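> What follows is the residue order along each chain.
Protein chains: 4
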Amino acid sequence: MSTPQLPPAHPFDDDKLREECGIFGVVGITDAANFVALGLHALQHRGQEAGGIVSHDRDQGFNSARRFGYVRDNFTSQSLMETLPGPLAIGHVRYSTTGSKGNTAIRDVQPFFGEFSLGGAAVAHNGNITNANALRRELIERGSIFQSSSDSECIIHLMARSMARSIPDRMEEALRKVEGAFSVVAMTRTKLIGVRDPLGVRPLVLGQLGDGWILSSETCALDIIGADFVREIDPGEMVVISEKNGVESHFPFRQRKPRFCIFEHVYFSRPDSILGGRSVYETRRQIGVELAREAPVEADLVCPVPDSGTPAAIGYAHESGIPYGMGIIRNQYMGRTFIEPTEQIRNMGVRLKLNVNRALIKGKRVILVDDSVVRGTTSRKIKEMILDAGASEVHFRIASPPTAWPCFYGVDTPQREKLLAATMSEEEMRDHLQVDSLRFISLNGLYRAVGEAGGRNDLHPQYCDACFSGEYPVRPADMLEQGFEMKAAE
Amino acid sequence: MSTPQLPPAHPFDDDKLREECGIFGVVGITDAANFVALGLHALQHRGQEAGGIVSHDRDQGFNSARRFGYVRDNFTSQSLMETLPGPLAIGHVRYSTTGSKGNTAIRDVQPFFGEFSLGGAAVAHNGNITNANALRRELIERGSIFQSSSDSECIIHLMARSMARSIPDRMEEALRKVEGAFSVVAMTRTKLIGVRDPLGVRPLVLGQLGDGWILSSETCALDIIGADFVREIDPGEMVVISEKNGVESHFPFRQRKPRFCIFEHVYFSRPDSILGGRSVYETRRQIGVELAREAPVEADLVCPVPDSGTPAAIGYAHESGIPYGMGIIRNQYMGRTFIEPTEQIRNMGVRLKLNVNRALIKGKRVILVDDSVVRGTTSRKIKEMILDAGASEVHFRIASPPTAWPCFYGVDTPQREKLLAATMSEEEMRDHLQVDSLRFISLNGLYRAVGEAGGRNDLHPQYCDACFSGEYPVRPADMLEQGFEMKAAE
Amino acid sequence: MSTPQLPPAHPFDDDKLREECGIFGVVGITDAANFVALGLHALQHRGQEAGGIVSHDRDQGFNSARRFGYVRDNFTSQSLMETLPGPLAIGHVRYSTTGSKGNTAIRDVQPFFGEFSLGGAAVAHNGNITNANALRRELIERGSIFQSSSDSECIIHLMARSMARSIPDRMEEALRKVEGAFSVVAMTRTKLIGVRDPLGVRPLVLGQLGDGWILSSETCALDIIGADFVREIDPGEMVVISEKNGVESHFPFRQRKPRFCIFEHVYFSRPDSILGGRSVYETRRQIGVELAREAPVEADLVCPVPDSGTPAAIGYAHESGIPYGMGIIRNQYMGRTFIEPTEQIRNMGVRLKLNVNRALIKGKRVILVDDSVVRGTTSRKIKEMILDAGASEVHFRIASPPTAWPCFYGVDTPQREKLLAATMSEEEMRDHLQVDSLRFISLNGLYRAVGEAGGRNDLHPQYCDACFSGEYPVRPADMLEQGFEMKAAE
Amino acid sequence: MSTPQLPPAHPFDDDKLREECGIFGVVGITDAANFVALGLHALQHRGQEAGGIVSHDRDQGFNSARRFGYVRDNFTSQSLMETLPGPLAIGHVRYSTTGSKGNTAIRDVQPFFGEFSLGGAAVAHNGNITNANALRRELIERGSIFQSSSDSECIIHLMARSMARSIPDRMEEALRKVEGAFSVVAMTRTKLIGVRDPLGVRPLVLGQLGDGWILSSETCALDIIGADFVREIDPGEMVVISEKNGVESHFPFRQRKPRFCIFEHVYFSRPDSILGGRSVYETRRQIGVELAREAPVEADLVCPVPDSGTPAAIGYAHESGIPYGMGIIRNQYMGRTFIEPTEQIRNMGVRLKLNVNRALIKGKRVILVDDSVVRGTTSRKIKEMILDAGASEVHFRIASPPTAWPCFYGVDTPQREKLLAATMSEEEMRDHLQVDSLRFISLNGLYRAVGEAGGRNDLHPQYCDACFSGEYPVRPADMLEQGFEMKAAE
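Residue numbers (the UniProt record's numbering), protein chains in the order written: chain A, 1 to 490; chain B, 1 to 490; chain C, 1 to 490; chain D, 1 to 490.
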């Protein structure tokens, strides 16, 4: 079942991996939903398709609003925000991973809400449940009615069927049945709950503002409301926060060695966030430094592919001593797809978003620093723009290793055969892109940049790097069922 | 939980009882949803708040659209209707009875849909489940998650939990647990299903168009699509209709003596419909005739309160020989509430909808014929308009007995204490309204007008007339729980 | 130049002549625009395509709002109405006659506004300027820039170029250059102005509410705001009304014998209005009486074609003694065009608006009373519906003479060759419609019904009846230029 | 008169001077309007409030569309763009300078259109007419009716009244009466016309794409459609371009020494545009270099205030050898104003748009490079954010001289008393902003950066720099009339 209210398409961004969700929750602050709206706005880069907020007020009970489009375009109206009263609220921004792709119904927009015999609860989920198909089949068999096509809805149905005596206990019970990667923010009438899966694949942090507590995907969303960053929620930890009892911490899952998503450092998180005690900006700058060491080249200009390549380009320029310059200018008003009047423009669609600074590029040997190469379609167009503008050489330096495997833990990736690095070697990619040189940072270089001086521990990798290595820390059960073939053991 | 997208208010109609729903279903006709849209348009008088359609297509599966507002404003767009393909569709128009009153969320709009292990099903319900609270509590206790605040949603959850091997069997099982009044139209991937409760309180008819079959609340909706009226669904009957097997009939409930809602004849149904083999228009005209016999008065003009009083006024005029005339003119463009600039206009709000034909009224003794008196607020305003226009006498004749009891079977009635007839005798009402005379048709007169020559059988009344008599054929369990006091046995 | 925001189409009403405009103005009442909105709502039958209001407030100057669609859907929002402050306001509802047909831009919506050296003025016009093309050419030649494609805009440009020292004087000067039919409501910063052309073709009345004054196309719009009807503006009269000086009357034009539009009595005006001292309802009823005398027939039922045929049907039934009944039921929720799923429904499109009351019609000889026959397309469909429902005979009685000539004075009529009566005799029309009999009221009968006991004065007709007689009281200069051929002198 | 459809407010940008308009025209390319839409999108930084396009097609004549909001949100719909056919089109994006500020009606949105006796013409204007009040008074006196409150509308009325025999001749005649700064793009049925005022204050360039010609405010808009940059239109030049005759050049005005707006180099134009043969990016980078020479300071980090301070910061860092870093991160999803739940957030409103990269800033001596200081309100908030994040010192370096005078040539500036530099010396400003140091580039330094090796020629300045110097090259007649006091001659 589907309702055709499609969000705007962003054709250019099709060539990026895409984080699917941002989550945010507040307890103990008057008009909590207003703070949630601000927090979700700061997390908008994690999901642009739709957003939702649920709040609870002692007199007016639970209220919710779910909307397609940007937070700024929906959750800024006085009349809407007044329908979301109370000191407790959670919210979610989404770009769909599961759920009917490109054809999302408002029913698919989180948080999900359920009325249980012991009161209502709302749940917002960042990540992906790798055994969702099996769980869903089983729940339907027993009479649960799913509202959405989202894998996340399993959690609330498992909670509804639990016989545990409190909602946090039901959530524990539910999440123990769930495989995959998840950070969850949930709420009851009085409690804000946060959970991270045992591997801690997706981020979740705790903040404080006066007497109130905040849960957020990233620290940048604490900044926007002036809250203090307290600490990260630990992998496998569940926090239950109430105005009365403050923050209570539990570890309901069997302990495992953490495997945080290394791509959060490369691209997903905002550069002004802190992940694992490290500045994302500084990590990216350091990737540039490592890249300059690993893959130097003689050139006249280091130029970022805006905006995500900028910190690594600054690092590369600094380390190499080659001048840094804005050779590509981004149109900040990019939005819906224009009618492209001629074939010529259609082929250059990227121009709607980017323009070359011809005067700077002309006659120069240019190093382009980008965060990643996914399908490679954009890289090729950018190379053409740069050459058209008169560059004498084009060298690509990529701030991540070749992306050769899809992610099944809450990131939107194309099918494996669409990934350029799945079918080509680095040299083949260089030839395919027709550039003078193409170099990716090594996996060890990346680990060094995130602070692992000794590089990757191949026996017990410190991060989830499945998209680069093909080593999946959680078995992707649903995908295997659908025919996905894992990397052969070596 | 609520989402504040309120439908337009119709202040004037607040002084009417209001049917809550119309239902319509089609099987075996290409693009069935277009026919459903037309049928719902013809049933719009049964519910103006919102409407929904679910269709099924072999390739595209189930699709649905639910919208606030009139059918004509939503289900007329090519782009929307194209999302509802297939030869099988059901629809629903609603004015809320249960469900968060005046604050309906789109989640409350029917048909309800559930994906079961043996396939999907959609259900649209006209009526009211009198044991819904108990059922809902029990279902939630066992882990069902309700999407809406509607009592009707119980049906689909009972079906989801049933262990019966076919969807029609599950529906039987579900409806056997349900008390109250209901006509239901439902669909599976291949079947259209219609059910009436054992008392047959709410209407449901079967029609045929070429090879296709139609279920509808009223026959007027068969006319709009050019379908033939085949027969009424019998009280207690379930029909299961498929392209392959045609119409199969079952009687799954314990048989009871039918008690069709007599108010459908008085007001709810459209005058061009056929109910129980009788023309609604003719019945209403006959009510006027009976009223002229029971309550004659010398006067110069018989004037209907438009539009619902018109047929009875024609009958009254014909029987009495007093000329019939349009003393009150209705503004056909009535819609949302205007800003009423002065106190004077505010008090006369009814003028936005009605205007007196002064030239006709002036100096005359006027008989006003209306269908019913609920709160009495409108009657008083109309009387003032008529007197302001220079009438020398005003006589009210009401085409139904005093409405002294609320309906619990799918009709929106005010609480008992708001019903004028619950607290006043006919004479007190006359004094309250300050008119020269006020007469209601007798209950026996009404029964005669609907064709019961011998009047009401007080031992075994032929109709449900609880709103007049206080004799409820089904125990209103939820209401009793909430403190409603039934009429003392006499 | 055009902007494609099209109003909803009303296919059924294509077979009516259509009044193009209603005008309304208020001076001396706080928040005058709210009263104008109510007045325009009561005049909505005179124009459904769009509406506009201009108001003036001493502090905030002139403000305006123009919208497509019904008054009730636009001028009811608090936020919009608050932008129209002040004690002086005029408004206009329109159905386009001139102006880009079916493709109106918001620029074409009146009132028109001009800032002159001696202050601003707004003008709303009901009627048609028959020398607009020549005037427009001349004004453009001299440097005026037209905003719209409306003939009415000439008036404000003529005023702008006038060298007279006051706005009323400029309006006099402008209107003396204009040929055709016009009622005008205009305003300056302090004055409300009303004018009728020397023949008084279109209506305009004066009302009073407390210290305030009102101008309106019809008296029914005085009723809605509780104002008293003072008198009609005389043909050729200009009234200039201010809070300070009250109503001043002038007669700026050369005097002529009045020729009020007789079709206002037949169809355009609302039945609860008073025209020329006569109740419109009573006139229409009297037309029915005359028709019963002129064209009796043996039958079982007199049935109006709703809603415009109703008063004449009541008169016909009363005079003939044949019972009156609602054989055709109107769907009050009619709106935008539905997708018509089959050829069968497409041919019967009228069913979306009307349904036959089969039980009443079956086996009867039916007299259908309609107000007019224009193209005849609807009459034929209605006849088919009646026969399908089992009527044994169908007799049409038409409450106006054959419409054989287009109107050039502010009414939307098809081209002459599209008028059924332009090419067929009464008998040919009867054969064409395939009915048992078809009779129109005679021109003399119509004149008697409007109170001219001696019938039509053929030498000096008392009314403009050009649509019936082809005798045009004002030479249609623009149309002659475009090749229209007038009736040959006899 | 006003219609309250307000565009979104951008509170943060209130502390910038703001270019008011971008203009773009195309002739000789099929579906020219699609190209205009793309061009306007690339010029969106010159006006975000509204946009309009007029096109001409031989069969369908002139068509226009005017909309509030971004080009990307309006001129991307197939259905709208299909209403703008033909090989000739012009467009305009606007941020109001004159015209009812903050309360613009759609009538104020350009291009303006007029139908003349010799055919229609549309005009789009970038700049400001300094004698508009007098012209407007005179035109109204003679009977012109203005549609808008825009000064630009004078041009089309002057053209309408001209007796010249061709539209280009009428435009010449009109523009000779106009004082002030203007670049104009206009069109007739067959010709595209471009004009720059004799001083050449505002930019206008000519491009070529295949057989078609383009006029644009900036070269970056040629890039987006893949057109070649041919040359700038010369100060005082009028080009008349047709498919038939190509580009014809005239110089209708008395020749004067050019005075191009120097602020286009500093802020208004996009960094990837070419102005006066110079790369805007390179000029800004060079300003940073000059600033580093003029105002060095010991520090740890050069940090741009994004995005407009970036090129100068790169130049400053390069020249000074101090590392460049992104200390402030911009939220790219900024839009409408959020509800700011607490006083604390209200005071820090800038956080909705910007966030400090704490990890980078902490403990460092930071040089902030911004393009200009207008009111100083934003500078103060940014300084506070930087200090809150733990910077040990904050030094402001401003890439333009103190803005001490309002612009009257098409730029939105606050009244003089609101300009921080109008009332304070550099030191007072430093104290006011409470920073460790504050330095503006010198006027001579700025001239050097734009390529005038010898600095400013004080006798005959090479640019219009009135906002810095108070020396106005065109007498601001309207403003003087309203009481503005010019700088006393020294």
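Simulated from the structure, these hints should not be mistaken for laboratory data. In this text the structure is predicted, and so the values were computed from the model without any measurement. One or more of the hints may lead you astray.
A pair counts as met if it fits within one copy or between any two copies, since identical chains are not told apart.
Result set (SDA-like, lysine to any residue): computed pairs, CA atoms no more than 20 Å apart in a straight line [stated by the list, open to error]:
1. LYS353 <-> PHE338
2. LYS381 <-> PRO473
3. LYS362 <-> GLU282
4. LYS353 <-> GLY226
5. LYS362 <-> GLN78
6. LYS244 <-> GLU179
7. LYS353 <-> ASP228
8. LYS353 <-> SER308
9. LYS16 <-> ASN331
10. LYS353 <-> MET334
11. LYS418 <-> GLU294
12. LYS487 <-> LEU175
13. LYS177 <-> ARG142
14. LYS362 <-> ARG278
15. LYS362 <-> PHE229
16. LYS353 <-> ASN331
17. LYS353 <-> ASP307
18. LYS381 <-> GLU393
19. LYS418 <-> LEU433
20. LYS353 <-> ARG330
21. LYS381 <-> GLN332
> Evaluate each hint against the coordinates.
These are the hints, each one checked on the structure:
1. When the C-alpha separation of LYS353 and PHE338 is checked against a cutoff of 20 Å, the pair qualifies only within one copy, where the shortest distance is 11 Å, while the shortest distance between copies is 26 Å.
2. With identical chains, the CA atoms of LYS381 and PRO473 are never at most 20 Å apart, being 35 Å at best within one copy and 45 Å at best between copies.
3. Taking the shortest Cα distances, LYS362 and GLU282 sit within 20 Å of each other only across copies (12 Å), while inside one copy they are farther apart (31 Å).
4. In the homo-oligomer, the alpha carbons of LYS353 and GLY226 lie at most 20 Å apart only across protomers (14 Å), although the nearest pairing inside one protomer, at 32 Å, exceeds that limit.
5. In this assembly of identical chains, LYS362 and GLN78 lie within 20 Å of each other by CA distance neither inside one copy nor across copies; the values are 50 Å within and 37 Å between.
6. Taking the closest pair of Cα atoms, LYS244 and GLU179 never come within 20 Å of each other, the shortest separation being 32 Å inside a single copy and 43 Å across copies.
7. In this homomeric assembly, LYS353 and ASP228 come within 20 Å of each other (Cα to Cα) only across copies, at 19 Å, whereas the closest approach inside a single copy is 35 Å.
8. When the C-alpha separation of LYS353 and SER308 is checked against a cutoff of 20 Å, the pair qualifies both within a copy, at 14 Å, and between copies, at 18 Å.
9. Taking the shortest Cα distances, LYS16 and ASN331 sit within 20 Å of each other both inside one copy (18 Å) and across copies (19 Å).
10. Taking the shortest Cα distances, LYS353 and MET334 sit within 20 Å of each other both inside one copy (6 Å) and across copies (17 Å).
11. Taking CA atoms no more than 20 Å apart as the test, LYS418 paired with GLU294 passes in neither setting, with 27 Å inside one copy and 53 Å between copies.
12. Proximity of LYS487 and LEU175 under a CA criterion of 20 Å is satisfied in neither setting, with 28 Å inside one chain copy and 52 Å between copies.
13. Taking the shortest Cα distances, LYS177 and ARG142 sit within 20 Å of each other both inside one copy (16 Å) and across copies (18 Å).
14. Only between protomers do LYS362 and ARG278 lie at most 20 Å apart by alpha-carbon distance; the minimum there is 13 Å, versus 38 Å within a single protomer.
15. In this homomeric assembly, LYS362 and PHE229 come within 20 Å of each other (Cα to Cα) only across copies, at 15 Å, whereas the closest approach inside a single copy is 46 Å.
16. With identical chains, the CA atoms of LYS353 and ASN331 are at most 20 Å apart both within one copy (5 Å) and between copies (17 Å).
17. Taking the closest pair of Cα atoms, LYS353 and ASP307 come within 20 Å of each other both inside a single copy (11 Å) and across two copies (16 Å).
18. When the C-alpha separation of LYS381 and GLU393 is checked against a cutoff of 20 Å, the pair qualifies only within one copy, where the shortest distance is 15 Å, while the shortest distance between copies is 43 Å.
19. For the homomeric pair LYS418 and LEU433, the shortest alpha-carbon distance inside one copy (15 Å) is at most 20 Å, but the shortest distance between copies (54 Å) is not.
20. When the C-alpha separation of LYS353 and ARG330 is checked against a cutoff of 20 Å, the pair qualifies both within a copy, at 6 Å, and between copies, at 17 Å.
21. For the identical chains of this complex, LYS381 and GLN332 are intra-copy neighbours only, at 19 Å inside a copy versus 23 Å across copies, given an alpha-carbon limit of 20 Å.
In this structure, the earlier hints numbered 2, 5, 6, 11 and 12 are contradicted, and the remaining ones agree with it.
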